[in-house]
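Novice: Take a look at the letters that make up each chain.
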Amino acid sequence: QQKVQQSPESLIVPEGAMTSLNCTFSDSASQYFAWYRQHSGKAPKALMSIFSNGEKEEGRFTIHLNKASLHFSLHIRDSQPSDSALYLCATNTGYQNFYFGKGTSLTVIP
Amino acid sequence: GPKVLQIPSHQIIDMGQMVTLNCDPVSNHLYFYWYKQILGQQMEFLVNFYNGKVMEKSKLFKDQFSVERPDGSYFTLKIQPTALEDSAVYFCASSGTGGASAETLYFGSGTRLTVL
Numbered sequence: 001q002q003k004v005q006q007s008p009e010s011l012i013v014p015e016g017a018m019t020s021l022n023c024t025f026s027d028s029a030s031q032y033f034a035w036y037r038q039h040s041g042k043a044p045k046a047l048m049s050i051f052s053n054g055e056k057e058e059g060r061f062t063i064h065l066n067k068a069s070l071h072f073s074l075h076i077r078d079s080q081p082s083d084s085a086l087y088l089c090a091t092n093t094g095y096q097n098f099y100f101g102k103g104t105s106l107t108v109i110p
Numbered sequence: 001g002p003k004v005l006q007i008p009s010h011q012i013i014d015m016g017q018m019v020t021l022n023c024d025p026v027s028n029h030l031y032f033y034w035y036k037q038i039l040g041q042q043m044e045f046l047v048n049f050y051n052g053k054v055m056e057k058s059k060l061f062k063d064q065f066s067v068e069r070p071d072g073s074y075f076t077l078k079i080q081p082t083a084l085e086d087s088a089v090y091f092c093a094s095s096g097t098g099g100a101s102a103e104t105l106y107f108g109s110g111t112r113l114t115v116l
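The listed protein sequences correspond, in order, to chains A and B.
The opening position of the first sequence corresponds to residue 1 in my numbering, with each subsequent residue numbered one higher.
The opening position of the second sequence corresponds to residue 1 in my numbering, with each subsequent residue numbered one higher.
Misleading hints may appear alongside valid ones.
Said to hold, decoys possible - Here are the simulated SDA-like cross-link-like pairs (lysine to any residue), alpha carbons at most 20 Å apart as the crow flies: (1) A/Lys102 with B/Asp63; (2) B/Lys3 with A/Arg37; (3) A/Lys102 with A/Glu57; (4) A/Lys42 with B/Gln42; (5) B/Lys3 with A/Gln2; (6) A/Lys42 with B/Asn22; (7) A/Lys42 with B/Lys62; (8) A/Lys102 with B/Val47; (9) B/Lys57 with B/Glu68; (10) A/Lys42 with B/Gly40; (11) A/Lys102 with A/Lys56; (12) B/Lys62 with B/Gln42; (13) A/Lys42 with B/Asp71; (14) B/Lys62 with B/Ser87; (15) A/Lys3 with A/Gly41; (16) A/Lys45 with B/Lys3; (17) A/Lys102 with B/Val89; (18) A/Lys102 with B/Gly1; (19) A/Lys102 with A/Ala17; (20) B/Lys59 with A/Leu65; (21) A/Lys67 with A/Met48; (22) A/Lys102 with B/Asp86; (23) A/Lys3 with A/Asn97; (24) B/Lys78 with B/Gly40; (25) A/Lys3 with B/Ile38; (26) B/Lys3 with A/His71; (27) A/Lys3 with A/Thr93; (28) A/Lys45 with B/Asp24; (29) B/Lys3 with B/Tyr74; (30) B/Lys57 with A/Ile50; (31) A/Lys3 with B/Glu68; (32) A/Lys45 with B/Val89; (33) A/Lys102 with A/His71.
As the list claims (entries may be wrong) - Partial list, computed: chain A residues near chain B (C-beta under 7 Å): (34) Gly16; (35) Ala17; (36) Ala43; (37) Arg60; (38) Phe61; (39) Asn97.
The set of hints was computed from the structure by calculation and includes no laboratory data.
The beta carbon of each residue, even a glycine, is placed where N, CA and C say it ideally should be.
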């Protein structure tokens, strides 16, 4: 079964800082890599995803993927208090089978 | 955006009883999932479902669990009988319109199940 691990478990940053979240996975056949955000008591919601090596930027968010290292990351530029949430990374094993990490709890201090 | 509806939002039952969790997926999605999240712990994959069949299930998907989606109806997770360790938030998700690559999951807001 796919193992997905995230680091750090929790993170506190000041407003305006760059935040970096990490995710490692075990199945080298994984094809889909995504970050989800879950505010307390709410449903997880997709932030962004990537399929091939490299990086992808959407606004303040950038996702990096290195398949050879079994690693991908999320970087948040100019972090805002509204970014405070649990961030979940996800990857797949088959076409539509997704496994999630335990999450990184991010707190952005005004 | 697309919405997944879960009913009920909370359910409290006695151990040994049967419970059915209901999910109304995004209307044109083809793949349906259940995930289990215990407070403060990882969201764990339970099962996915496509074309009327279970495609993959994890070791958490015990024999007491079953899923179905009768035509035009909810996608359901039934637990019979329930055990104390089944207490968790259960998230339903849906994805996929038949494309060639993995697609975004859309989650419901979860059903908080408490087994006494």
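Novice: All hints are to be evaluated individually against the structure, with a verdict given for each.
Specialist: Here is how each hint holds up against the structure:
| no. | hint | verdict |
| --- | --- | --- |
| 1 | A/Lys102 with B/Asp63 | violated, 25 Å |
| 2 | B/Lys3 with A/Arg37 | holds, 16 Å |
| 3 | A/Lys102 with A/Glu57 | violated, 24 Å |
| 4 | A/Lys42 with B/Gln42 | holds, 15 Å |
| 5 | B/Lys3 with A/Gln2 | violated, 28 Å |
| 6 | A/Lys42 with B/Asn22 | holds, 17 Å |
| 7 | A/Lys42 with B/Lys62 | violated, 26 Å |
| 8 | A/Lys102 with B/Val47 | holds, 18 Å |
| 9 | B/Lys57 with B/Glu68 | holds, 13 Å |
| 10 | A/Lys42 with B/Gly40 | holds, 14 Å |
| 11 | A/Lys102 with A/Lys56 | violated, 23 Å |
| 12 | B/Lys62 with B/Gln42 | holds, 18 Å |
| 13 | A/Lys42 with B/Asp71 | violated, 28 Å |
| 14 | B/Lys62 with B/Ser87 | holds, 14 Å |
| 15 | A/Lys3 with A/Gly41 | violated, 25 Å |
| 16 | A/Lys45 with B/Lys3 | holds, 11 Å |
| 17 | A/Lys102 with B/Val89 | holds, 15 Å |
| 18 | A/Lys102 with B/Gly1 | violated, 26 Å |
| 19 | A/Lys102 with A/Ala17 | violated, 23 Å |
| 20 | B/Lys59 with A/Leu65 | violated, 29 Å |
| 21 | A/Lys67 with A/Met48 | holds, 17 Å |
| 22 | A/Lys102 with B/Asp86 | holds, 19 Å |
| 23 | A/Lys3 with A/Asn97 | holds, 13 Å |
| 24 | B/Lys78 with B/Gly40 | violated, 24 Å |
| 25 | A/Lys3 with B/Ile38 | holds, 18 Å |
| 26 | B/Lys3 with A/His71 | violated, 30 Å |
| 27 | A/Lys3 with A/Thr93 | holds, 10 Å |
| 28 | A/Lys45 with B/Asp24 | holds, 17 Å |
| 29 | B/Lys3 with B/Tyr74 | holds, 14 Å |
| 30 | B/Lys57 with A/Ile50 | violated, 25 Å |
| 31 | A/Lys3 with B/Glu68 | violated, 27 Å |
| 32 | A/Lys45 with B/Val89 | holds, 16 Å |
| 33 | A/Lys102 with A/His71 | holds, 15 Å |
| 34 | Gly16 | violated, 29 Å |
| 35 | Ala17 | violated, 25 Å |
| 36 | Ala43 | holds, 4 Å |
| 37 | Arg60 | violated, 19 Å |
| 38 | Phe61 | violated, 15 Å |
| 39 | Asn97 | holds, 5 Å |
In this structure, the hints that do not hold are numbers 1, 3, 5, 7, 11, 13, 15, 18, 19, 20, 24, 26, 30, 31, 34, 35, 37, 38, in rising order.
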